[in-house]
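Chains as they are written, first to last, in our numbering: chain A, 1 to 305; chain B, 1 to 247; chain C, 1 to 308; chain D, 1 to 370; chain E, 1 to 266.
Just so you know, the hints here were simulated from the structure itself, not pulled from any lab data. Accuracy of the hints is not assured; some may be wrong.
Derived list of chain A stretches under chain C, where covered just means 3 residues or more per stretch with a C-beta under 8 Å from a C-beta of chain C [claimed, not checked]:
(1) 68–79
(2) 119–133
(3) 162–175
(4) 190–196
(5) 279–287
Treat the numbers as computed from the prediction; the structure is a model and nothing was measured. Idealized CB from N, CA, C, for every residue including glycine.
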Amino acid sequence: MLLLQQIVNSLMLGSVYVTVAVAFTLTIGILNFLNFTIPTLFMFAAMIGWALAYWGLPGGLTGPSYWPVALAVGIIASMIVSLVVERFTFRIMKTKYGDSTEHAIPLVSSLGFLLIIENLVRIGYGTDAQRFPGPSADLTMSIGGIFVRVPQFVSLLFVVVIVIGLNWLLRTSRLGRGLRAIAENPDAANILGVDMHRIVPVVFMLTGLLCGLAGALFAINYGEVSPQMGEDIGTKAIAGMVVGGLGSIWGAVLGGLIVGLTEVMTIHLFGADTVQVAVWGLLLLTLFIRPQGLFGHSAIGKGKL
Amino acid sequence: MLLDVSRLDVNYGRTRAVKQVSLSVREGEIVTVLGANGAGKTSLLRGLQGAVRPAGGKILFDGTDLTQAPPSARVRNGMMLVPEGRQIFVSMTVHENLLMGSYMRADADVSRDMEAIYDRFPNLAERRNMKASVLSGGEQQMLAIGRALVGRPRLIMLDEPSLGLSPLFVGKLFELILELNKSGISILLVEQNTTMALEVASRGYVLELGSAVLEDDAAALSNNTALTEAYLGGGHGPAAGGTHAHA
Amino acid sequence: MSGYWAGILSILAINIVFAYGIFLPVATGQLNLGGAGFQALGAYAAAYASASFGLPVYVTIPLAALLAGAIGALIAFPILRTRGVYLVLATFAFAEVVAGSILNSETLGGAMGLSVPAFIDWQIPVAVAVLVSLFVFYLMSTRFGLTMRAAHDDEVVTDLMGVNIRKTQVTAFGLGAALAGLAGGLYAHTFSFVEIQGFNAVVSIYVLLYVLLGGTQTAWGPIVGATFFTMLPEVLRETLPTVKQTLATLVGITEPVAPPDESWRLVILGVLTVLMMAFRPEGLITRTMMERLQFRRSPSRAAAEVSA
Amino acid sequence: QETIKVGNIVATAGPLKSVASQAVVAFDLAVEKINAAGGINGKKIELIRFDTGSDPKQASVGVRKLAQDDKVLAILGPFSSGESSVAFNDAERLKILTIPTSASTPGLTDGRKYGWRLSEDETKQFSRLLKAMKEKGLKTETAEIVYISEEVVSNTAGTKLYPALLAQAGIKHGEPMAIQYKSFDMSAQAAKILQSNPDFVAVAALPESASKVTKELRRQGYKGRIIGSQIFADPNVVELFGPEGEGTMVVAGFWRGRTPEAQEFNDKYVKEAEARGIHRLGAHHSDAQAYDSVFLLKQAMEKAGVTGNPSKLEQEREALVEAMKGIRFTGILGDNICFAGNDAELPGFVIEIKDGQWTKFAEAAGDTCK
Amino acid sequence: MTTDMLSIEGVSKNFGGLSVISEVSFSVPEGGRVALIGPNGAGKTTMFNLVSGVYRQTAGAIRLRGHDISNVPSRKRVRLGMARSFQNIRLMPHLSVIENVMLGQQARTKSLADMAMPLSGSRWRREAETLLGEMGLDTYPGEVVATLPYGIRKKIEVVRALAAQPQLLLLDEPAAGLNQTETASLRDFLMGISRRGVTLLVVEHDMGLVRSLCDHAVVLNFGRKIYEGSTQTVHEDPLVLEAYLGPRHNVAQGAVTNNGVAGDAA
Ligand SMILES: Nc1ncnc2c1ncn2[C@@H]1O[C@H](COP(=O)(O)OP(=O)(O)OP(=O)(O)O)[C@@H](O)[C@H]1O
Ligand SMILES: Nc1ncnc2c1ncn2[C@@H]1O[C@H](COP(=O)(O)OP(=O)(O)OP(=O)(O)O)[C@@H](O)[C@H]1O
Ligand SMILES: CC(C)C[C@H](N)C(=O)O
Ligand SMILES: [Mg+2]
Ligand SMILES: [Mg+2]
């Protein structure tokens with residue numbers, strides 16, 4: 001019984017990682033870009049949502065009961081920030097000739113954005129965790145004595161829908177082809193008329209949307225937000241994505257769930273003080289045995305001699 | 001006049017690779033651009049396609065000013081570049097690479113064009129579902145050319161297309177160029193294979209150190225061997241150390 | 001020497017040594033995001049040796065480098081099987097495992113940390129930093145340095161030139177780990193206390209930033225990067241309040257305003273990072289720049305520029 | 001006019017920001033009050049502030065700078081145990097009295113001459129809580145312990161102090177259960193706790209984590225009490241915990257209603273904090289400790305007769321530490337406070353969150369010193 | 001008896017189920033100049049990759065001066081005296097021209113001292129400068145390779161291979177991207193190398209260069225050897241004509257212009 005509950009718990013926890021992991025794998029898989037702003041976007045949507053619910057929305061919509069509107073604004077805000085990030089990372093870097101640790105360039109500037117956004121939020125709202133005035137109804141269902149959280153359940157379903165949609169989009173659409181071309185050889189894509197300034201932002205909007213939704217569901221679910229909330233989720237989601245294999249969307253889903261399971265089972269069996277070693281040890285082992293993750297394909301090579 | 005370029009400048013930071021080059025291509029014409037290594041031929045074509053933004057000058061294509069337009073606009077208007085060094089997408093299949101050529105095409109009927117490419121380059125047909133990374137050098141070159149053709153350009157710009165092709169295929173390539181030209185496509189051709197380029201072209205330009213130093217009928221240029229030799233790297237002792245040695 | 005500058009110089013010297021520890025693998029094409037893990041290994045080795053066996057610093061500090069270097073070289077074999085982003089994450093995971101293990105180790109003080117009896121003042125870190133810098137400059141000027149940089153560009157072809165890629169990479173990674181461990185040893189004795197919470201992911205990220213923003217093409221990069229980013233917060237410590245006061249005066253507030261939030265320092269660091277990557281992605285110091293300085297008077301080069 | 005210079009190491013950024021940054025307000029209030037009343041030995045005090053941004057390395061730089069460059073007589077701060085562990089080494093070397101603001105790791109000042117504390121051990125406070133609960137007849141037969149594994153104070157409290165004290169009090173408890181500071185999901189731990197369904201859960205954690213544990217326990221239907229010692233004894237948790245926090249019990253080293261002075265400080269502090277854009281429901285005991293540490297230093301300075309004269313800096317620093325020995329102090333924290341070793345014996349106030357209010361449940365006088 | 005520098009004995013190579021080289025045998029005599037030619041996709045570059053050890057052959061043996069090198073790792077083969085250039089330029093983009101050349105010398109390093117000695121001012125560097133000078137590239141040494149024009153990079157490829165002072169030099173389309181004059185001087189240069197005793201195996205589509213440089217040709221088609229013999233008669237072979245040169249190939253023209261099939265199409 002307890003074990004069953006823990007497995008359900010791990011699925012619920014995993015579902016949080018999964019959404020963020022999908023966001024990560026999207027930019028890695030499509031643009032070959034490890035976007036470190038993702039955890040910040042997740043935090044940003046939730047914090048903006050909280051701030052608006054707490055301090056009031058413009059137009060007199062004050063009061064905590066307007067939290068759904070506040071969260072919606074938060075999600076939009078995170079999409080907008082994501083577009084700003086695109087403007088200063090991918091757009092400039094990929095058009096310039098950089099170092100051949102090239103994937104490092106947008107990666108590093110996304111670290112810069114991580115510092116900027118997180119600290120601006122701290123300056124604006126302080127570092128304290130804040131209570132999110134979510135729905136008053138109890139969001140926990142008990143099915144035969146097993147507790148299930150509705151928002152996490154919803155987000156899990158929701159991820160599956162998104163993943164199916166994304167797969168379709170990337171496999172078959174012109175947009176998908178253009179994005180893959182940009183990721184591999186921006187110069188050649190450019191020559192063929194792929195306008196990266198037009199299509200890359202779509203990916204960033206999707207990223208912002210995914211992170212925003214994940215952040216909003218998190219706020220509703222845990223009833224608490226803070227400027228630090230993205231850090232742990234960010235690293236665990238990355239772990240999940242890597243276990244699944246970079247760029248594989250289903251891999252990210254599976255990887256996120258595996259990380260959730262590892263974490264909960266470690267806590268259950270050995271205690272939370274060993275979680276760090278367990279999760280990251282799992283990641284290291286995966287990479288040692290299968291350097292490209294479970295579903296990953298090996299990195300893009302330089303081509304034949 | 002299909003393409004009308006006046007006083008074009010292309011810079012890379014402080015390096016001026018193309019200086020004040022004026023050039024034109026008429027509808028249905030084959031024009032060739034010649035020059036030694038480092039003369040700026042590749043840079044000129046990249047400037048025309050918008051891969052680098054020109055630093056000055058004007059590019060008119062079919063009357064539209066495209067000087068500052070993004071490459072996508074140029075492709076939409078009918079300009080297509082076969083770049084130096086092929087630049088194929090090695091992680092995509094041969095078929096997907098060809099599809100990329102049709103990226104800006106509005107009509108959906110690309111399959112017929114693709115089949116035509118496969119007919120012409122049987123090597124590609126056999127490997128249509130293989131990753132482009134395994135292609136041989138010459139096959140990659142065929143793919144780059146085929147990819148551009150799928151875009152149905154009005155002006156195709158070829159940067160050393162014969163590079164790495166076997167004699168048989170070089171022959172086929174030049175046949176193809178003439179054939180394309182007959183069907184109304186204009187061609188701007190950069191070649192080290194000067195003799196052949198001048199045979200198919202009606203006019204030619206010679207670049208030196210980024211500037212256009214000669215423009216004439218192809219026939220006249222072919223005959224004026226002394227002159228072309230001088231600009232195409234002749235008379236500089238062993239291996240003609242490239243343009244930097246001139247100063 | 002003022003106490004403040006002694007402290008800052010120690011930190012700076014440690015950061016420079018640390019940055020070289022990351023620079024070596026990065027110059028070889030391995031982005032190492034596990035710096036904190038190697039630094040922690042060195043710091044705890046020194047702290048433990050000093051606290052439990054009373055060994056003197058001239059033993060503990062080399063020991064720190066040795067231990068971290070050995071572990072680095074060992075772990076390099078499986079870790080260097082990975083590429084690109086996978087490598088970044090594998091090194092990151094390694095640092096997390098190190099931190100998690102130390103946190104759970106009673107012997108090493110767990111969450112309590114370890115006190116380090118032997119204290120060193122700023123002279124030793126500074127001297128070590130100078131020696132390490134000279135060493136790396138020398139290393140990069142040798143054929144080994146050349147093969148490192150070649151491996152960074154193209155492993156397959158470098159192999160075909162007769163270079164033992166694996167050996168080069170493992171050496172660079174192991175040497176880097178040793179330098180990071182050395183930095184950790186210096187850290188332990190400079191602050192007389194080690195606490196694993198101080199060797200976290202943020203530390204790994206910062207040191208990688210020093211290296212990438214300083215530039216990975218020449219050995220100048222890490223010095224410049226580490227100096228810039230160690231000194232930046234110190235400069236801002238003084239200037240930010242003044243700036244805010246000036247701004248306040250401009251809008252007509254005359255009384256003293258509260259000093260600005262410390263988080264602004266990190267915001268500025270972030271903005272600089274983004275701007276750097278946008279305008280100078282190769283890092284502050286590049287080869288071309290060094291070449292320019294060296295070849296300024298070279299006639300053939302000058303001629304080439306005129307003609308090009 | 002000459003001043004007496006006192007160093008003040010604070011942390012207004014970094015991970016400690018949310019607990020540590022508002023201590024600055026309390027320090028300022030104390031200095032303002034002392035200077036308005038004519039200062040010390042006829043001279044005004046001047047606080048020279050150094051910000052560590054929560055970085056222990058910077059705490060070391062801070063001590064060196066303040067002691068060597070600014071030539072301060074003594075140092076107030078740094079804030080936490082982690083920073084203090086580093087700072088104390090420099091303080092011993094440079095021979096300068098250093099009083100951290102909120103360091104509560106047991107044994108921190110052992111063997112130190114220059115490190116003194118005006119804060120109370122977790123051990124003592126927790127045993128007071130247990131005693132009060134028993135006295136008031138709350139059900140205390142079984143318990144579970146939850147602690148943050150990577151934070152020094154919580155870890156020590158959760159793995160050593162609480163188990164020992166619970167055993168002493170004859171309360172059965174399970175293996176202490178770790179949580180991670182960074183982690184947000186406590187469902188696995190809560191599920192295990194619900195298995196044994198103890199009378200109460202003792203939580204050794206900072207406010208954010210304590211809040212997460214509380215909420216998760218309540219969501220899974222836990223009905224018992226949640227208690228803690230000082231670590232999350234922050235008046236703001238009333239808001240953070242929300243309705244799930246009802247019935248939570250903690251121990252604080254400060255109670256605003258103890259004396260009129262305490263009340264006055266509390267009110268002034270809340271107002272001043274608000275003015276600086278910090279939202280506080282009441283003064284934290286670390287704020288009160290910050291405030292009183294200035295007065296403690298004042299008393300020692302007067303006893304040592306310091307002048308702030310730079311030429312006598314070393315003698316006066318030494319004299320200050322001498323003056324700390326056997327000192328008795330009365331302030332807003334308590335009356336006639338003595339020091340056992342270098343650590344103050346402070347009273348404890350058992351707090352219950354009742355009807356959404358921070359209310360006093362019981363109190364215990366400070367211990368006497370041998 | 002003259003030993004062969006390189007002998008290929010019944011070598012095959014499959015990728016998955018795909019056969020790219022089938023039972024090819026030929027040999028390159030010491031000091032010889034042999035051309036390896038054939039249509040696009042015939043397997044020439046693959047053969048180079050087998051000889052230099054990038055790939056391992058599926059069957060057959062490769063001998064260098066009589067020794068079977070099939071199991072020698074690629075990195076060590078260059079130390080046995082062979083060096084190669086690459087069809088798709090593979091210079092180190094972030095190294096300067098001279099550094100690329102010095103990298104080519106790697107195969108000749110013997111001791112730790114060679115690795116640990118600073119390069120600036122060393123004999124290695126002076127030697128690399130001389131070599132660049134011989135190819136007329138001496139104005140470039142400090143420049144980073146990435147932005148140099150195609151033709152120049154192609155020449156640096158050759159110089160880098162030469163820096164290993166190989167006894168067997170494998171060149172994969174060395175003249176691609178060079179104009180006629182430069183091709184001619186490349187030929188003179190390579191002739192000079194050959195006279196010093198270096199064995200050449202050259203893949204090249206410029207039949208003018210092939211005929212004027214090499215005396216012997218091996219022609220591959222679909223991974224099989226279809227011709228082996230003199231370069232002067234290769235154009236008379238009907239199989240070669242059909243598969244490679246094109247049915248209307250004109251020798252006279254190729255010879256005059258140094259440009260293979262010039263004029264055929266027009
Ligand atoms: N990205 C770049 N950055 C800086 N300089 C460049 C860049 N690309 C080319 N150049 C310089 O511009 C000049 C012209 O080069 P370009 O490649 O256009 O010559 P080319 O005529 O195409 O030569 P080739 O026949 O060898 O291909 C050369 O001096 C070259 O070094
Ligand atoms: N790794 C591989 N997997 C599958 N097929 C391959 C692989 N490598 C090469 N091939 C195939 O083997 C054939 C021979 O390729 P190779 O590069 O050797 O040709 P080549 O003779 O050098 O041609 P070119 O003159 O065009 O350079 C090609 O058709 C290519 O598609
Ligand atoms: C912020 C608190 C956790 C400080 C704690 N009392 C300490 O000693 O570090
Ligand atoms: Mg070119
Ligand atoms: Mg080939």
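Results for each hint:
| no. | hint | result |
| --- | --- | --- |
| 1 | 68–79 | violated (count 0) |
| 2 | 119–133 | holds (count 4) |
| 3 | 162–175 | violated (count 0) |
| 4 | 190–196 | violated (count 0) |
| 5 | 279–287 | holds (count 6) |
In this structure, the earlier hints numbered 1, 3 and 4 are contradicted, and the remaining ones agree with it.
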